[in-house]
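*Asks:* One-letter residues, chain by chain:
Number of protein chains: 2
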Amino acid sequence: MKKLINSVDTVVTDALTGMAAAHPGALRVDTDQHIVYRAQAKEQGKVAIVSGGGSGHEPLHGGFVGSGMLDAACAGEIFTSPVPDQIVAATAAVDRGAGVLHLVKNYTGDVMNFEMAAEIVAADGIEVASVVTNDDVAVEDSLYTAGRRGVGVTVLAEKIAGAAAEEGQSLAQVAEIATRVNANGRSMGMALTSCTVPANGKPSFDLPDDEMEIGIGIHGEPGRHREKIAPASEIAGRLTEPILAELPAGDGRGVIAFLNGMGASPLLELYLMYGEVAKILGAAGITVERSLVGNYITSLDMAGCSLTLLRADDELLRLWDAPVNTPGLRWGV
Amino acid sequence: MKKLINSVDTVVTDALTGMAAAHPGALRVDTDQHIVYRAQAKEQGKVAIVSGGGSGHEPLHGGFVGSGMLDAACAGEIFTSPVPDQIVAATAAVDRGAGVLHLVKNYTGDVMNFEMAAEIVAADGIEVASVVTNDDVAVEDSLYTAGRRGVGVTVLAEKIAGAAAEEGQSLAQVAEIATRVNANGRSMGMALTSCTVPANGKPSFDLPDDEMEIGIGIHGEPGRHREKIAPASEIAGRLTEPILAELPAGDGRGVIAFLNGMGASPLLELYLMYGEVAKILGAAGITVERSLVGNYITSLDMAGCSLTLLRADDELLRLWDAPVNTPGLRWGV
Numbered sequence: 001m002k003k004l005i006n007s008v009d010t011v012v013t014d015a016l017t018g019m020a021a022a023h024p025g026a027l028r029v030d031t032d033q034h035i036v037y038r039a040q041a042k043e044q045g046k047v048a049i050v051s052g053g054g055s056g057h058e059p060l061h062g063g064f065v066g067s068g069m070l071d072a073a074c075a076g077e078i079f080t081s082p083v084p085d086q087i088v089a090a091t092a093a094v095d096r097g098a099g100v101l102h103l104v105k106n107y108t109g110d111v112m113n114f115e116m117a118a119e120i121v122a123a124d125g126i127e128v129a130s131v132v133t134n135d136d137v138a139v140e141d142s143l144y145t146a147g148r149r150g151v152g153v154t155v156l157a158e159k160i161a162g163a164a165a166e167e168g169q170s171l172a173q174v175a176e177i178a179t180r181v182n183a184n185g186r187s188m189g190m191a192l193t194s195c196t197v198p199a200n201g202k203p204s205f206d207l208p209d210d211e212m213e214i215g216i217g218i219h220g221e222p223g224r225h226r227e228k229i230a231p232a233s234e235i236a237g238r239l240t241e242p243i244l245a246e247l248p249a250g251d252g253r254g255v256i257a258f259l260n261g262m263g264a265s266p267l268l269e270l271y272l273m274y275g276e277v278a279k280i281l282g283a284a285g286i287t288v289e290r291s292l293v294g295n296y297i298t299s300l301d302m303a304g305c306s307l308t309l310l311r312a313d314d315e316l317l318r319l320w321d322a323p324v325n326t327p328g329l330r331w332g333v
Numbered sequence: 001m002k003k004l005i006n007s008v009d010t011v012v013t014d015a016l017t018g019m020a021a022a023h024p025g026a027l028r029v030d031t032d033q034h035i036v037y038r039a040q041a042k043e044q045g046k047v048a049i050v051s052g053g054g055s056g057h058e059p060l061h062g063g064f065v066g067s068g069m070l071d072a073a074c075a076g077e078i079f080t081s082p083v084p085d086q087i088v089a090a091t092a093a094v095d096r097g098a099g100v101l102h103l104v105k106n107y108t109g110d111v112m113n114f115e116m117a118a119e120i121v122a123a124d125g126i127e128v129a130s131v132v133t134n135d136d137v138a139v140e141d142s143l144y145t146a147g148r149r150g151v152g153v154t155v156l157a158e159k160i161a162g163a164a165a166e167e168g169q170s171l172a173q174v175a176e177i178a179t180r181v182n183a184n185g186r187s188m189g190m191a192l193t194s195c196t197v198p199a200n201g202k203p204s205f206d207l208p209d210d211e212m213e214i215g216i217g218i219h220g221e222p223g224r225h226r227e228k229i230a231p232a233s234e235i236a237g238r239l240t241e242p243i244l245a246e247l248p249a250g251d252g253r254g255v256i257a258f259l260n261g262m263g264a265s266p267l268l269e270l271y272l273m274y275g276e277v278a279k280i281l282g283a284a285g286i287t288v289e290r291s292l293v294g295n296y297i298t299s300l301d302m303a304g305c306s307l308t309l310l311r312a313d314d315e316l317l318r319l320w321d322a323p324v325n326t327p328g329l330r331w332g333v
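Going line by line, the protein sequences match chains A and B. Read left to right, the first sequence gives residues 1 to 333 (full-length UniProt numbering). Read left to right, the second sequence gives residues 1 to 333 (full-length UniProt numbering).
A couple of the hints might just be wrong.
Since the list gives no way to pick one copy over another, a pair counts as held whenever it fits inside one copy or between any two copies.
[As the list claims (entries may be wrong)] Calculated pairs, BS3-like style, for lysine-lysine (alpha carbon to alpha carbon, straight line, at most 27 Å): (1) LYS202 with LYS42; (2) LYS42 with LYS2; (3) LYS279 with LYS2; (4) LYS279 with LYS202; (5) LYS2 with LYS202; (6) LYS42 with LYS279; (7) LYS42 with LYS228; (8) LYS202 with LYS228; (9) LYS279 with LYS228.
Source of the hints: derived by calculation from the structure; they are not laboratory data.
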């Protein structure tokens with residue numbers, strides 16, 4: 001196993017320590033509880049948003065803490081849900097009297113632990129709404145989920161709901177917007193190589209030198225099928241077609257297209273893949289209103305990519321364009 | 001070879017096509033000549049900056065085209081210098097009557113071709129100044145250079161000189177600032193794995209499963225030595241110590257610390273490495289004024305990282321903080 005780490009036991013703590021050192025003015029990192037906060041809390045009376053999940057998907061979620069996006073992110077161990085205590089602490093710390101939205105990817109442990117935390121803080125009078133993302137069209141049910149997995153749309157939901165919260169929308173409104181993003185977003189991923197979980201010390205699965213896996217999950221969970229490596233243009237088709245088959249109808253609306261890297265694929269290849277996706281969308285008569293290309297929801301050192309398409313109405317586009325100032329996503333500020 | 005490409009012959013063109021599709025409002029990409037321009041040229045009377053080099057280091061250089069940074073970037077084939085014709089075309093296109101700075105990494109082919117281009121445009125009355133970066137302390141001379149290699153400081157020079165040009169400084173002033181950045185910056189890299197050049201189809205070098213290479217170049221050129229993989233804290237020392245041995249004295253000035261990923265190392269590990277570097281700098285009494293962590297000057301799919309330290313005076317810090325709006329680096333806008 002070749003990794004830039006000190007020991008398999010301290011990976012998350014050490015990475016959070018580095019993150020704190022890299023962003024001293026922007027973030028406050030609780031390296032004991034593994035929670036990333038904004039250095040400066042938002043104003044009283046505004047909805048706060050807490051997300052979190054297993055580590056190994058950076059910059060998700062800690063890298064999206066900041067003005068216009070998350071108020072706090074709870075980091076579990078690698079590919080392991082954060083515990084209720086973390087989520088309770090984060091939720092209580094960021095509540096500004098207007099309630100807290102929990103944005104949760106659909107994995108059994110995450111959903112359960114966020115639910116437990118929501119019940120606990122509710123007893124203390126903190127209002128919580130929860131939105132669970134489940135945008136991955138690859139499989140129904142999987143290794144770690146009942147129902148679809150939550151993947152790329154989570155990044156878009158954090159950005160768009162974050163903007164709604166920042167401009168002062170109510171908890172019900174912010175939750176409705178996150179729900180709308182999830183309902184209108186679909187994703188599909190693929191891998192060229194496995195990731196290696198530090199504590200395991202070896203690749204999570206074997207993939208022959210001339211094969212790729214289509215429909216992979218962000219923890220290396222099995223996808224739909226394996227096949228020989230194909231040209232990027234064909235891989236783009238493998239990702240785009242199943243998404244389009246399930247994407248809500250246009251009714252005049254275009255999409256936000258998000259081509260995401262799994263962690264070890266260089267930006268050169270991600271741009272190349274985006275170009276192939278853009279051609280397919282163009283041929284299908286789908287207008288790309290906005291795009292995002294890069295490593296945003298990763299799977300440790302997996303090589304590969306995922307595509308997320310979000311059918312976006314004018315309000316979602318307006319909120320997408322709103323200023324955001326986080327280590328992982330920044331514009332308009 | 002596992003890559004998201006169509007064919008080894010079309011990698012650069014296809015990636016530039018994708019880049020154009022991803023940033024239609026910000027960039028204008030000449031996919032025939034392999035030149036990335038700003039979609040909107042800067043005002044008449046301001047100095048323009050052209051950089052470029054072999055592809056495979058993305059987001060460098062094309063991803064740094066935009067307000068506050070580069071005016072154009074010439075992309076060579078993978079790890080191959082751009083040709084004089086490209087550089088001539090880019091230089092002529094972006095000149096706004098105040099002259100053009102060529103920012104060139106110290107590789108023999110790059111230096112030669114930028115020099116040839118500068119002579120050609122000079123005959124047409126375009127004033128060109130050239131600054132060559134050579135910040136890599138790993139080796140004197142190397143596979144592709146006479147003298148030190150130009151690496152991470154190039155990113156900082158493009159940002160800082162770009163800000164000076166944007167605020168209307170003269171060509172001599174902008175060149176002096178780029179020269180100052182290079183003179184006060186030092187870098188050192190390491191690799192856990194080799195990169196694979198598409199046209200070669202196999203790793204550029206063999207590195208045993210339990211070894212790393214210290215002092216690697218961004219094209220997989222040999223470094224200083226190989227050794228058994230060590231904890232991140234020790235790797236941080238291997239990078240930091242040789243830099244500090246050659247970094248100009250402080251005289252009250254702190255540093256910009258830039259922890260760069262080689263392309264296939266996930267952000268989790270880059271933050272972790274930055275944390276270890278920050279500890280060493282703290283113990284050495286060196287103030288980190290600003291930091292940058294992520295994949296900015298990469299080496300295809302190489303796993304590993306590099307560290308750049310820049311001893312920064314107040315003017316360099318002010319220019320670092322100035323607004324920048326490029327696909328690869330964005331703040332203040």
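*Asks:* Confirm or reject each hint.
*Replies:* Comparing the hints with the structure gives:
1. LYS202 with LYS42: neither (42 Å within a copy, 51 Å between copies)
2. LYS42 with LYS2: neither (40 Å within a copy, 45 Å between copies)
3. LYS279 with LYS2: between (37 Å within a copy, 23 Å between copies)
4. LYS279 with LYS202: neither (37 Å within a copy, 30 Å between copies)
5. LYS2 with LYS202: Both. Shortest intra-copy (10 Å) and inter-copy (19 Å) distances satisfy the 27 Å Cα cut-off.
6. LYS42 with LYS279: Classified as neither: same-chain Cα gap 41 Å, cross-chain 30 Å, threshold 27 Å.
7. LYS42 with LYS228: neither (50 Å within a copy, 47 Å between copies)
8. LYS202 with LYS228: Answer is both: 23 Å inside a copy and 18 Å across each meet the 27 Å cutoff.
9. LYS279 with LYS228: Answer is within; shortest intra-copy Cα gap is 23 Å, inter-copy 46 Å.
Figure legend: structure checked against the earlier numbered hints; hints not met, in rising order: 1, 2, 4, 6, 7.
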